[in-house]
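There are 2 protein chains.
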Amino acid sequence: MRDAKSFYPDWVNSSPEHGTYRSIFKWGDPDRFKHPNPRLYEMIKEKFQMTDSDFQKRKKEGNEKVSLGRPVRLSNEHIEMFIDFVGKDNVSFDDYSRVKYATGKTAQEAMELRNGICKDVADIIVHPRSREDIKKIVTYCNQHKIPVYVYGGGSSVNFGLNTVKGGVTLVMSTHMNRVLEFNETNRTITVEPGIMGPDYEKALHEAQKLFKAKGRYTGGHFPQSFQYSSVGGWIVTLGSGQESSYYGDMYDIVISQEYVTPAGSFKTLEYPGTATGPKVNDIMKGSEGSYGILVSVTCKIFRYMPENLKRFAFIFPSWEDTVDAAREISQGEFGMPAVFRISDPEETDVALKLYGIEGTVIDRIMRYRGFKPMKRCLYIGHSRGEKAFAKNIKKKVKKICRSHGAMYITGYPAKKWAHGRYTDPYMREDLNDFGIMIDTLESAVTWDNFHNLHQGVRDFIKRRPNTICMTHGSHFYPQGTNLYFIFIAKMDDIKEYRKFQEGIIEQIVLHGGSLSHHHGIGKMFAPWMEDHLGKQQMDVLRCLKKHFDPNNIMNPGGTLGLDISDYKKV
Amino acid sequence: MRDAKSFYPDWVNSSPEHGTYRSIFKWGDPDRFKHPNPRLYEMIKEKFQMTDSDFQKRKKEGNEKVSLGRPVRLSNEHIEMFIDFVGKDNVSFDDYSRVKYATGKTAQEAMELRNGICKDVADIIVHPRSREDIKKIVTYCNQHKIPVYVYGGGSSVNFGLNTVKGGVTLVMSTHMNRVLEFNETNRTITVEPGIMGPDYEKALHEAQKLFKAKGRYTGGHFPQSFQYSSVGGWIVTLGSGQESSYYGDMYDIVISQEYVTPAGSFKTLEYPGTATGPKVNDIMKGSEGSYGILVSVTCKIFRYMPENLKRFAFIFPSWEDTVDAAREISQGEFGMPAVFRISDPEETDVALKLYGIEGTVIDRIMRYRGFKPMKRCLYIGHSRGEKAFAKNIKKKVKKICRSHGAMYITGYPAKKWAHGRYTDPYMREDLNDFGIMIDTLESAVTWDNFHNLHQGVRDFIKRRPNTICMTHGSHFYPQGTNLYFIFIAKMDDIKEYRKFQEGIIEQIVLHGGSLSHHHGIGKMFAPWMEDHLGKQQMDVLRCLKKHFDPNNIMNPGGTLGLDISDYKKV
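Top line first, the protein sequences correspond to chains V and W.
For the first sequence, this note's numbering gives the first residue as 1, with consecutive numbering after it.
For the second sequence, this note's numbering gives the first residue as 1, with consecutive numbering after it.
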């Protein structure tokens, strides 16, 4: 806390006690915190018409020990079998584990756990050691119709991990986190799916030491959840990293996969391209555990060349100019920047505070040059790849931005963004502690529908008084991009939140956005799937489901909308 | 014919008469010819131990009028219905049409038709005018279990067009060849699938005039069959163009598709990227008419900037050096050349004759500098895209090639290659006229298996005396490439040919190549599909088949190996 004149809230600075609800819903490293800076705090008060007194006392913090009080419904006979399959140390059914491994990182789950509300949980938690363990488990569960859920890094934001039907949850990151093969000639790495982002990236950076490689490598996939998500999770939910405009979405990065399904096990062939009918390798991507379990994957790797990085940032006079420039860059055929983010006026306003630019010389020059707050828009990015390639991208980006009236504001904002790229989610707990909800939704969109989608969704969010709506475009393609909506409001009633969130989803669909660009469907978007894809396409997904999992034991209870009768909108 | 001293064969120079077998199997424009030049002719004689006297008299030329002598097995009632659906002018069942529209461009079909052998034919040929026509036809045929085949441009090289079960063949190029929408903002074009390569490309080049576009565009897809293949065919067979290393395979170029299937009709959504489960848009690609009929497609388009083209060619001291350089280029992360072809020593030898380089100053310098025939290897290519981007690629390519001992031999060979890129297939008829078989097979391969596949297949081909085997790598990826085997031999016995060809396919599979990189499976590769993909993956394709086409009316009789019991190896 600071001095009396400028009050600053007493944000939580101690790690949650083990066994508490808070230890489950808190983002990231238990010992790490990132608090809103004073400028953000001032903005929050202003936007939500709150005063320092509203930040004197924290609301429900979820510091109670998890207490579930629900029996394990699996018979002892079944439990003995699981112990037999994986060993006693790899099976648990205590309350804490059951809740932890049924929970992702949605705003709703955090709200619920704060209030001690536990949704459906699995009966037991199993930590498989190998594909052989998984084969035994899937065969057994299929015989006995026991639901099987898979837990990767735990960062799902759409109830992908909710164990609606009980049964068993397999935790992949405990043992199945090994590098199986590193192939420098083919520029691929084969890993088990439970390997977490930082370990995966570290192995590639240290390829010379670990695999006697000639060079250093990167996986090129950096979602905001990077530190707390697994390679397998990236694939089955069709993730995109913050540098996907250059490296590709996870869909593009995966070369071959091995699955265990109730219908059998297989590994797809490893070719750079084929014309042998519909690609089963691609069919499995995005199946979210509803067809089978990913047990190994071969991914493309890229040269790690941080020395070639070229950062840049621009301020534009208007959102229209920004979008026009972003489209021109995306369609310029000089290669794509890796990081590529355009912020609408409201996000720009917040970003300038967040990056500490507001009030600096850069800010004064911007104002002097006529870039007005709540009109001006920020574009930050960096380019990668071979040196001259990366340099040429920056040069072309500059030229295009200037032709749309933008001013170059150095690489500093991009550097600041990179510094906070994984830490911003830590602020959620601070906001939630004082009854402020923060959440996001994202949607793919073609260029010709960009403003319609942005405006339509934004109008809905802003119709609610005292609500922040920040939007950025990220993940760029020649044909369009992804719009990322961040909404913040004083709201701690779960029902009110769900209604509001559903309203936003409805607006996304109504304005022609995709239901998800890179977070998957999970169980949250399930109720919209059939309307979105249409019956014919849903029938294709259901037909595959029936083929792989005739007894509906794989991630049942709404995943991808496949057994939708089990799941309803609010 | 030239003077007596240097005999030169009397290659056929007149277009085949209408109604003849030759008019069906002859490649391309009926009035166009390309004959082996004198250097090639000398080589042919030498390689096949033939003399001028072997070229005095042509063998069977297939100049007879097509005579099928097989009844139409469809009832008059059915035929009346088809006439009712599409109009009398759009239905035919004469012998010539029935044979023409059941025939692709395989070496085997050409051999057979030369000998007046007609394989299975459809009963009637229908030229649908619209998706509505197709819906009616598919619904009707599904009700009455009438097989439905689709004919695009007719360039299939794997019996994709063989109408094994009779029934009806739909010719897509007659009417369903329109541009439906041009969208400059999204950089997409939506067309009917029957539009042929040149018409498609012309519409994009002339977008300013036709669609009031600001710029000129290209589709970026240029298979050797470009002039005689359709956009729909490119997609359902998973084609790759000669510039795919830059523009992508057809799989990458397609944004959304509309299909009519026995199970219903649907159009996939148009997003640049999504995470809404397995992508039905991708599932349909490569289905080769066995799931349903493609009735419209939206493709990416690219800026047409011929002024930025940068050509290059290099001669390498050895095949190993060439492959190493090609891999380094593919993994260099400075963007990919569009055309990218490396020829092994035997192909290099032929290419230098074909491009008229043998005997020139370039040839003398090459020899002087120690690049020895049957050791030296040719690499040709060109880069595209934005000007500095294309220029940087050429610069980096040069640097890498030189570091592998290559000599830059100007852009001339690349120019010569481009000049003949669509015309080389015309020479097949000339060779066939004198009993010489020429055929190709291609296979995708990862870098670490490149030499094993090349050597294994080549060894098999060369084990046969007096047989040419030329191989090039084309269609490059960071993870591997495609090996294209061209084999030429004095051979006009169909059984001998089939046995030889099957032997090569066996070797491809044995040495770990893919069954097809960019020509699809058709019915020719069907017998190998289950071994290649494995039962589990074939089960996935069969499950989709059953879903879309429960009565097996869509391209039945072996396509993709889905109803394999109908089709056997020799």
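One thing to keep in mind: the hints can contain errors.
Which copy is meant is left open, so a pair is good if it fits within one copy or across any two.
With a straight-line cut-off of 35 angstroms between C-alpha atoms, the simulated DSBU-like cross-links for lysine-lysine are [what the hints assert, rightly or not]:
#, residue 1, residue 2
1, Lys490, Lys212
2, Lys462, Lys267
3, Lys495, Lys145
4, Lys212, Lys60
5, Lys136, Lys499
6, Lys490, Lys398
7, Lys546, Lys394
8, Lys209, Lys399
9, Lys387, Lys399
10, Lys136, Lys267
11, Lys353, Lys415
12, Lys212, Lys462
13, Lys399, Lys60
14, Lys214, Lys546
15, Lys416, Lys387
16, Lys391, Lys47
Hints in this document: simulated from the structure, not taken from any laboratory.
### Message
Reference check for the pair Lys214 and Lys546, CA-CA at most 35 angstroms: within, between, both, or neither?
### Response
Neither: 46 angstroms inside a copy, 49 angstroms across copies.
### Query
Taking 35 angstroms as the upper bound on the Cα-Cα distance, should Lys212 and Lys60 be classified as within, between, both, or neither?
neither (52 angstroms within a copy, 61 angstroms between copies)
### Query
Which holds for Lys399 with Lys60 at a C-alpha limit of 35 angstroms: within a copy, between copies, both or neither?
neither (52 angstroms within a copy, 64 angstroms between copies)
### Task
Give the relationship of Lys490 and Lys398 under a CA distance limit of 35 angstroms: within one copy only, between copies only, both, or neither.
This pair counts as neither: shortest intra-copy Cα distance 39 angstroms, inter-copy 61 angstroms.
### Message
Within, between, both or neither: how does the pair Lys212, Lys462 come out at a Cα-Cα threshold of 35 angstroms?
### Response
Classified as neither: same-chain Cα gap 55 angstroms, cross-chain 38 angstroms, threshold 35 angstroms.
### Query
Are the CA atoms of Lys391 and Lys47 at most 35 angstroms apart within a copy, between copies, both, or neither?
neither (41 angstroms within a copy, 51 angstroms between copies)
### Query
When no copy is specified for Lys495 and Lys145, does a C-alpha distance of 35 angstroms or less occur within a copy, between copies, both, or neither?
within (33 angstroms within a copy, 53 angstroms between copies)
### Query
When no copy is named, should Lys209 and Lys399 be tagged within, between, both, or neither for a Cα gap of at most 35 angstroms?
This pair counts as between: shortest inter-copy Cα distance 28 angstroms, intra-copy 41 angstroms.
### Task
Go through the copies and call it for Lys353 and Lys415: within, between, both or neither, with a Cα cutoff of 35 angstroms.
Within one copy, since 14 angstroms is at most 35 angstroms while 56 angstroms is not.
### Within, between, both or neither: Lys546, Lys394 at alpha-carbon 35 angstroms
neither (49 angstroms within a copy, 51 angstroms between copies)
### Within, between, both or neither, where Lys136 and Lys267 count as close if Cα-Cα is 35 angstroms or less
within (17 angstroms within a copy, 40 angstroms between copies)
### Task
At 35 angstroms max between alpha carbons, let me know whether Lys416 reaches Lys387 within a copy, between copies, both or neither.
both (22 angstroms within a copy, 32 angstroms between copies)
Of the numbered hints stated above, those contradicted by the structure are hints 1, 4, 5, 6, 7, 12, 13, 14 and 16, listed in ascending order.
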